[in-house]
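Protein chains in written order, with numbering that gives the first Met the number 0: chain A, 0 to 250; chain B, 0 to 250; chain C, 0 to 250; chain D, 0 to 250; chain E, 0 to 250; chain F, 0 to 250; chain G, 0 to 250; chain H, 0 to 250.
Note that these hints are calculated values from the structure, not bench results. These numbers come from a predicted model, not from an experiment. Take these hints with a grain of salt, some might be off.
As the list claims (entries may be wrong) - Example chain H residues on the side facing chain C (calculated, C-beta under 8 Å, incomplete):
no.: 1; residue: Leu8
no.: 2; residue: Glu9
no.: 3; residue: Arg12
no.: 4; residue: Gly108
no.: 5; residue: Ile110
no.: 6; residue: Leu161
For each residue, glycine too, the CB sits at the ideal point set by N, CA and C.
There are 8 protein chains.
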Amino acid sequence: METQTRQILEGVRNGSISVDEALMKMKSEPFEELGYAKPDLHRAVRQGYPEVIYGEGKTPEQIVGITRSLTKNGCERVIITRLSKQAAGEVAESLSISYDEVSRIAYTGNIPEPDGIGQIVIATGGTSDIPAAEEAAITAELLGNRVLRLYDVGVSGIHRLLAHRELIMSASVIIAAAGMEGALASVIGGLADCPVIALPTSVGYGASFGGLAALLSMLNSCANGVCTVNIDNGFGAGYLAAMINHMEVRK
Amino acid sequence: METQTRQILEGVRNGSISVDEALMKMKSEPFEELGYAKPDLHRAVRQGYPEVIYGEGKTPEQIVGITRSLTKNGCERVIITRLSKQAAGEVAESLSISYDEVSRIAYTGNIPEPDGIGQIVIATGGTSDIPAAEEAAITAELLGNRVLRLYDVGVSGIHRLLAHRELIMSASVIIAAAGMEGALASVIGGLADCPVIALPTSVGYGASFGGLAALLSMLNSCANGVCTVNIDNGFGAGYLAAMINHMEVRK
Amino acid sequence: METQTRQILEGVRNGSISVDEALMKMKSEPFEELGYAKPDLHRAVRQGYPEVIYGEGKTPEQIVGITRSLTKNGCERVIITRLSKQAAGEVAESLSISYDEVSRIAYTGNIPEPDGIGQIVIATGGTSDIPAAEEAAITAELLGNRVLRLYDVGVSGIHRLLAHRELIMSASVIIAAAGMEGALASVIGGLADCPVIALPTSVGYGASFGGLAALLSMLNSCANGVCTVNIDNGFGAGYLAAMINHMEVRK
Amino acid sequence: METQTRQILEGVRNGSISVDEALMKMKSEPFEELGYAKPDLHRAVRQGYPEVIYGEGKTPEQIVGITRSLTKNGCERVIITRLSKQAAGEVAESLSISYDEVSRIAYTGNIPEPDGIGQIVIATGGTSDIPAAEEAAITAELLGNRVLRLYDVGVSGIHRLLAHRELIMSASVIIAAAGMEGALASVIGGLADCPVIALPTSVGYGASFGGLAALLSMLNSCANGVCTVNIDNGFGAGYLAAMINHMEVRK
Amino acid sequence: METQTRQILEGVRNGSISVDEALMKMKSEPFEELGYAKPDLHRAVRQGYPEVIYGEGKTPEQIVGITRSLTKNGCERVIITRLSKQAAGEVAESLSISYDEVSRIAYTGNIPEPDGIGQIVIATGGTSDIPAAEEAAITAELLGNRVLRLYDVGVSGIHRLLAHRELIMSASVIIAAAGMEGALASVIGGLADCPVIALPTSVGYGASFGGLAALLSMLNSCANGVCTVNIDNGFGAGYLAAMINHMEVRK
Amino acid sequence: METQTRQILEGVRNGSISVDEALMKMKSEPFEELGYAKPDLHRAVRQGYPEVIYGEGKTPEQIVGITRSLTKNGCERVIITRLSKQAAGEVAESLSISYDEVSRIAYTGNIPEPDGIGQIVIATGGTSDIPAAEEAAITAELLGNRVLRLYDVGVSGIHRLLAHRELIMSASVIIAAAGMEGALASVIGGLADCPVIALPTSVGYGASFGGLAALLSMLNSCANGVCTVNIDNGFGAGYLAAMINHMEVRK
Amino acid sequence: METQTRQILEGVRNGSISVDEALMKMKSEPFEELGYAKPDLHRAVRQGYPEVIYGEGKTPEQIVGITRSLTKNGCERVIITRLSKQAAGEVAESLSISYDEVSRIAYTGNIPEPDGIGQIVIATGGTSDIPAAEEAAITAELLGNRVLRLYDVGVSGIHRLLAHRELIMSASVIIAAAGMEGALASVIGGLADCPVIALPTSVGYGASFGGLAALLSMLNSCANGVCTVNIDNGFGAGYLAAMINHMEVRK
Amino acid sequence: METQTRQILEGVRNGSISVDEALMKMKSEPFEELGYAKPDLHRAVRQGYPEVIYGEGKTPEQIVGITRSLTKNGCERVIITRLSKQAAGEVAESLSISYDEVSRIAYTGNIPEPDGIGQIVIATGGTSDIPAAEEAAITAELLGNRVLRLYDVGVSGIHRLLAHRELIMSASVIIAAAGMEGALASVIGGLADCPVIALPTSVGYGASFGGLAALLSMLNSCANGVCTVNIDNGFGAGYLAAMINHMEVRK
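Starting from the given sequences, assemble the full structure and let the hints guide the process.
What follows is the structure, given as structure tokens:
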């Protein structure tokens with residue numbers, strides 16, 4: 000940032016840039032105005048990641064428009080989350096995308112080679128937690144991570160989890176996805192010595208209150224190194240895990 | 000009940016009891032009126048257990064009065080819960096009681112010989128859960144049960160719990176007391192094949208909301224054979240455990 | 000468990016098992032990997048009960064797959080809960096199952112002869128609570144219990160309940176299912192001298208908040224010997240009742 | 000109201016009152032301005048009852064000031080609720096009041112002869128609910144009602160309540176005060192055929208959430224003829240009961 | 000009750016009834032067993048009102064069955080609440096009923112002549128509150144009351160309410176139905192000197208949380224003589240109003 | 000008001016109006032009775048604005064009826080909010096209206112020339128907040144304000160917002176519409192020195208709880224000059240903004 | 000902002016400022032670093048108001064330090080809110096301040112001459128709401144507004160409010176402070192045709208839940224032109240009212 | 000773990016360890032039994048960090064006992080969190096500890112040289128958030144991290160935050176501590192391209208509900224790479240930040 004400003008200032012000093020041009024340059028922002036959205040064309044550069052579109056509540060036309068704007072400006076890979084199967088079909092008529100039904104993620108381009116520190120383990124308490132877990136898994140894979148899925152290892156049958164204790168011990172980052180009582184995060188947090196991202200899901204009934212029980216349980220985890228994302232926010236969990244798994248690469 | 004009524008009716012038939020006397024007898028109830036309370040003098044007989052006084056919110060004078068009324072009517076053992084140390088001191092000036100500071104339970108008479116089916120295991124997630132657990136433990140002991148304490152075995156260090164797996168497998172009933180995320184009940188529920196009573200405690204801070212997180216977590220337990228009592232209700236957990244542990248004796 | 004480990008160790012000592020084989024054996028767990036689920040093949044043995052599949056959120060194909068895996072491994076009876084009528088029809092094309100529409104429970108095999116301590120009484124406050132109550136009832140029957148249904152005995156017409164006082168007094172375990180204000184559990188808890196499992200239902204409107212009013216009411220019951228399960232968790236109530244009703248048999 | 004306006008208008012017509020005087024008169028309101036409060040001097044007339052001061056959060060000086068203003072304007076009886084013992088002592092130095100410690104009610108003048116339709120029954124679930132119940136009872140007595148107290152008849156010992164079934168059947172209005180699970184209102188509502196005012200109290204712990212459990216339970220009562228007032232609002236319950244008990248007198 | 004028992008006892012004394020017959024008579028209860036419901040055949044007598052069936056969650060067949068059982072046993076008027084238009088059509092094929100679409104109430108027999116103390120005023124804040132208000136109005140009319148409807152007089156246009164001040168002052172009982180902020184009950188409570196039944200409705204959006212805002216507002220009303228029923232519980236409000244409006248008749 | 004009353008009084012004094020006529024006039028209110036609604040015909044005059052009909056829960060017939068009544072009484076512009084596309088179609092068959100699909104607002108007459116103090120800026124956090132924002136925008140425009148839309152400037156890409164800092168600094172009033180974490184209001188509140196109306200939207204998932212997270216966030220804003228309206232209440236925000244933007248005009 | 004940047008750029012062009020100096024100038028921020036706080040020295044200029052310190056949770060030393068830093072930098076008037084009497088005493092030893100006990104506001108300098116558009120009316124429902132109302136009143140006065148207090152005009156005695164209808168009609172902005180059911184805001188909102196700021200207070204008990212009932216009531220107000228601030232946030236209400244009352248001055 | 004088991008198995012094979020000894024060894028766990036707690040002596044080794052004692056709710060004697068047990072078993076550094084000043088004084092009489100009053104952390108040994116990937120930035124919204132932030136800061140320093148404090152940079156004065164944009168861009172991990180509306184996490188999350196740990200604090204009043212508003216706000220953050228810990232859980236935030244900042248070192 001400073002470098003850019005310095006260049007402009009030096010341009011002003013040596014007369015190659017007028018004061019008005021300088022003012023304009025310093026205010027101009029790297030995003031494009033589409034009316035209904037302002038795709039952030041430099042974020043990919045700024046944060047070192049593909050651009051992500053939250054698909055829920057956007058029309059297929061809007062998604063196509065934003066994706067094209069991003070692609071036109073040099074973004075190699077666009078990830079679209081929370082895209083219904085039907086909307087994905089409509090988008091696919093205009094754009095070349097891959098679509099995963101379980102996670103409801105679409106993307107342009109290919110899944111890159113994994114290049115992170117280690118392996119991200121994604122565990123679920125039950126089979127119903129798989130959609131949220133897959134949103135995290137595909138996200139992490141699209142961001143260049145090797146992902147190991149460990150599904151249906153809920154704490155009520157603790158031996159299923161303990162049978163994989165070594166996998167857990169060797170992970171770089173772990174995402175623990177669970178609904179109902181959400182105890183999986185605490186148990187994994189106690190077994191592992193790496194960051195654990197707790198992903199509460201809305202799976203359950205009655206007093207689970209749409210994932211609130213799991214969320215509160217995870218926030219109150221007595222294990223160290225555990226943090227929590229929003230209910231069913233698989234994308235957020237996968238994104239953060241990818242970030243942590245690339246700590247050394249980023250430096 | 001039927002027997003009593005039959006006796007009265009037969010008295011009416013054979014003329015030994017007048018109709019008015021019969022009407023009176025059939026309405027008279029086995030409780031004594033103290034003005035501020037109606038001690039239930041036949042409950043001990045009716046339910047096969049000592050009488051219990053909830054001490055919180057009662058003055059030492061009221062507690063002494065109710066206890067005397069119960070004792071006078073043949074109740075051998077009176078249990079007083081939620082009694083502060085200071086109130087216990089005042090009660091002890093008028094009555095011969097034993098008092099346990101941790102559980103805040105006072106009682107008249109002695110702890111009976113255990114005679115239940117097996118052994119009640121009481122586990123806690125941390126040391127701060129011990130007061131609620133002790134309320135359960137002392138209650139169960141006063142109701143004739145052998146109690147095994149397994150404290151500070153929270154799920155964030157699962158090996159501490161697993162080291163005692165055989166104890167858990169051999170229990171007759173288990174009480175799992177935990178605050179914070181309350182995951183202990185689910186893990187024990189998965190390990191054990193006996194009834195597990197989940198006892199949420201108000202231990203925690205922030206989003207534990209005074210035990211709500213643990214309560215919701217326990218209600219949503221995905222393990223079979225788990226039920227829940229109110230937050231910090233050690234007495235209720237101990238009483239129910241005692242009842243279950245005397246199932247064969249009761250028949 | 001110890002016996003198995005001892006056998007392996009003795010095999011190592013006498014040379015019939017190599018160290019590597021022993022390591023492998025000690026880690027191998029008795030569950031089968033289906034990709035989307037890990038049916039726990041030894042739980043039936045470990046906990047003395049049929050295996051249970053939570054049907055909600057699973058496809059008919061997944062249910063058929065898990066049931067076959069369990070049956071192939073010697074599980075005589077599989078219980079599938081929360082199965083919609085339509086899904087049950089699809090499952091029935093591949094598997095021989097019985098299906099009960101009210102409770103939405105399907106199962107393989109027959110209902111066994113009851114062999115518990117006594118009789119489980121299941122009471123409801125109104126007719127709308129019957130589906131949850133039937134989930135409990137069928138579950139208990141499938142686990143070998145005699146069940147007595149006492150429906151529509153809510154506390155606003157207390158004489159309906161009191162007319163059955165002797166049934167209540169003679170029960171081994173009672174399940175009290177109620178929505179709205181959930182007062183049934185407390186009244187029954189005061190009448191009975193056996194464990195009472197409070198089953199809040201989501202029946203009600205307005206400030207019942209989907210069963211929350213009944214749940215809180217039941218958790219705060221002033222009667223002794225009462226515990227609570229999750230809202231509408233008829234299966235959990237029936238399973239726990241069955242466990243308690245087999246206390247003497249299990250020893 | 001109409002009469003007053005008519006008189007003014009007739010005064011205008013016959014010239015005894017000028018238009019400006021008439022405008023002024025029609026705006027003047029029968030309350031006195033004390034700066035910190037506007038005692039409503041005509042409410043006693045308008046609603047047929049003594050004036051009531053909510054004592055909490057007012058200084059003894061303010062209470063004395065408002066009471067004097069009311070008395071000076073012809074109000075025979077002033078009721079002060081939620082008055083701490085200490086504040087009552089300070090008020091008593093300036094005013095002649097009676098004070099009841101349990102209900103924390105003070106009042107000027109005497110308790111009137113009861114003149115309502117019948118008798119108001121006030122029942123409590125336990126001894127801890129007595130302060131709220133007494134606030135209702137003293138209020139009703141000060142408003143001219145005969146009150147029958149039926150304390151400690153909670154539903155977990157239903158025979159204590161049933162023993163008084165005839166009292167309940169004969170009441171004109173019933174106030175059912177209970178904390179914890181608040182089931183008393185439903186049971187009484189089913190037994191009685193008169194209006195039942197449910198008075199939730201903040202008695203309880205854990206998931207009673209300061210009376211919320213009892214409040215929700217009472218709002219969801221499946222009995223007919225039940226309504227609810229705010230938690231611990233004994234005054235409101237007593238006032239409404241008095242109003243109902245004077246229905247025929249008022250006509 | 001006492002009379003009946005006395006007759007039985009005298010029969011026993013004079014030998015016209017055997018002890019066993021007496022025992023049987025004293026236990027027999029006046030309700031009929033339909034399997035899915037226990038219609039309370041004597042409640043009409045016991046409480047002086049028609050029998051009411053809560054229609055929601057019952058099949059047309061069940062409603063027809065219960066209604067026939069009640070009618071057969073002498074109940075002149077049956078009220079069915081929360082009956083959808085479609086269900087009403089199906090019931091009408093088997094039974095002669097009147098049906099009101101707005102209130103969703105059906106009933107057998109005719110609306111009786113009003114005979115209460117005075118007139119019940121039912122006010123609503125807006126037009127969307129009318130269905131709940133009509134449930135109350137029709138209920139009250141079916142229970143023998145004259146009802147005056149005062150709709151769309153919400154407090155944000157206070158002059159609409161004040162224009163009807165005299166109606167309000169002259170009412171015997173008032174029902175104030177409002178959603179959103181529920182302020183209507185307080186304002187009417189301040190204007191009237193008769194009991195006011197606050198009926199919160201689920202009308203609103205956003206932070207009205209399905210009627211919770213109105214409910215809390217009404218429970219906290221600073222006006223005297225106000226009580227509250229459950230959200231959208233028009234029937235409960237109408238029933239209680241009818242009870243209060245018949246206070247003098249009942250004595 | 001005073002003028003009207005004075006005129007009546009003077010009429011009484013000079014005999015041109017009888018006392019009874021005067022009484023009648025003083026009570027008559029300027030609203031028309033339609034049975035289902037009481038359109039307030041003088042509000043437009045009283046508050047200086049067009050009349051507004053809340054369309055949700057009203058039938059097209061009712062909307063047409065109320066609109067005609069208002070128009071007939073001289074109301075030039077009627078605004079109908081929360082009108083579905085289908086209902087708008089039906090209304091349009093009877094009335095000449097304009098309809099905007101995004102905001103779901105219909106209106107009679109034209110959008111007036113803006114005449115407020117300055118310009119109202121309406122910002123949204125994302126594209127999904129646009130419907131609520133447009134409800135505010137169209138409302139403000141219909142009330143005579145110039146509106147500048149600044150959409151998709153959420154705080155997670157703060158440079159998008161900062162790029163428009165001058166617009167924000169120059170606004171007369173700002174409406175900040177955001178769901179999810181609702182942080183937009185605080186950031187704008189810190190940048191601007193004009194009133195900021197925070198408009199929480201129900202956009203989000205999981206722990207956004209239908210807009211509750213944004214609502215609480217906005218209520219707790221640490222910026223000065225910020226107030227909050229109900230979740231998704233775009234109309235309320237637009238109306239208040241218009242009122243503030245006409246402060247000098249009104250004097 | 001642009002002007003400043005332009006001046007710097009022109010200085011660079013004409014050589015009077017070096018590139019490094021320009022870079023430094025453009026980054027330098029007008030706040031002073033005290034370690035524990037960053038007083039914003041230019042905010043007074045930027046927002047046209049005195050600087051405000053939130054006193055709660057700050058030590059008297061910190062308050063003195065921040066105030067001195069602000070004064071030293073040219074801030075004429077510093078307002079300190081939420082200052083306990085004791086803390087005010089300690090601050091007064093080091094600084095010359097005025098302190099108001101009811102509102103708990105301290106300030107340096109004098110109360111300025113009012114110069115706003117009109118008069119701000121501050122109404123309260125009861126006498127207990129006065130502290131919050133006074134926080135708003137003193138704040139508004141310190142910001143140059145004429146304030147009219149209208150206390151104890153709650154809606155349960157609507158004539159007290161209506162007696163002041165003309166004051167309400169003539170206000171420039173109104174603040175409606177109320178606890179309990181918070182209905183005051185809606186009624187005033189309907190009477191007034193100026194912006195109404197609803198100020199919920201924590202006054203109440205039971206189901207008022209610390210002001211939540213009033214807050215929800217106010218957010219759901221059906222009156223137009225009403226917005227809401229946080230519970231007990233008198234400062235926020237007063238600040239916003241002052242801003243609105245200076246709309247024409249600011250242009 | 001495998002290595003240890005392999006050694007034991009090889010000992011069995013070669014006869015140096017008997018089967019019973021092997022069984023015993025394999026069950027023995029590296030924790031010491033103190034009765035009231037089970038210090039986990041190998042956790043330091045297992046997780047690569049000092050042992051931590053949660054001080055709240057433990058007596059000074061218990062803290063001294065646990066610390067000594069840990070030290071005796073080779074733990075070089077013990078961290079005690081949530082220790083009151085008074086308790087710290089009592090502990091200091093028996094142990095050589097350092098104590099920090101603001102964060103309420105005590106520790107044995109010295110603060111180690113920082114050796115992580117980069118620098119941890121800890122930002123707060125206001126000065127009242129400093130205690131929670133310091134708990135995080137001291138924790139991170141004790142775990143070998145360089146920490147940069149950026150206090151009082153709340154979003155309502157966004158320029159204070161933007162002035163430090165480069166620090167934020169260069170951080171390895173950021174902890175954003177804020178109460179009230181908690182918007183800081185989202186804004187920082189948008190500026191930074193490293194993991195951001197959101198730390199909600201209980202600072203605030205009214206509708207902040209003890210930190211709930213900030214917690215919900217943070218969970219709903221629309222910025223990528225943000226996760227959340229429990230309210231006021233500075234230790235948890237610091238611990239996780241330390242873990243992430245040592246990602247490359249750990250491999």
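Checked hints:
1. Using the Cβ-Cβ criterion of 8 Å, the hint placing H/Leu8 at the interface with chain C is satisfied: the shortest such distance is roughly 5 Å.
2. With a least beta-carbon distance of about 6 Å to chain C, the hint placing H/Glu9 at the interface is held under the 8 Å criterion.
3. Checking H/Arg12 against chain C by beta carbon gives a least distance of about 5 Å; that is within 8 Å, so the hint holds.
4. Here the hint on H/Gly108 is broken, as its CB sits about 38 Å from the closest CB of chain C, past 8 Å.
5. About 41 Å separates the beta-carbon of H/Ile110 from the nearest beta-carbon of chain C, more than 8 Å, and the hint is not met.
6. Interface hint at H/Leu161: violated, since its Cβ lies 44 Å from the closest Cβ of chain C, which is beyond the 8 Å cut-off.
Hint compliance for this structure: hints 4, 5 and 6 are broken, all remaining hints hold.
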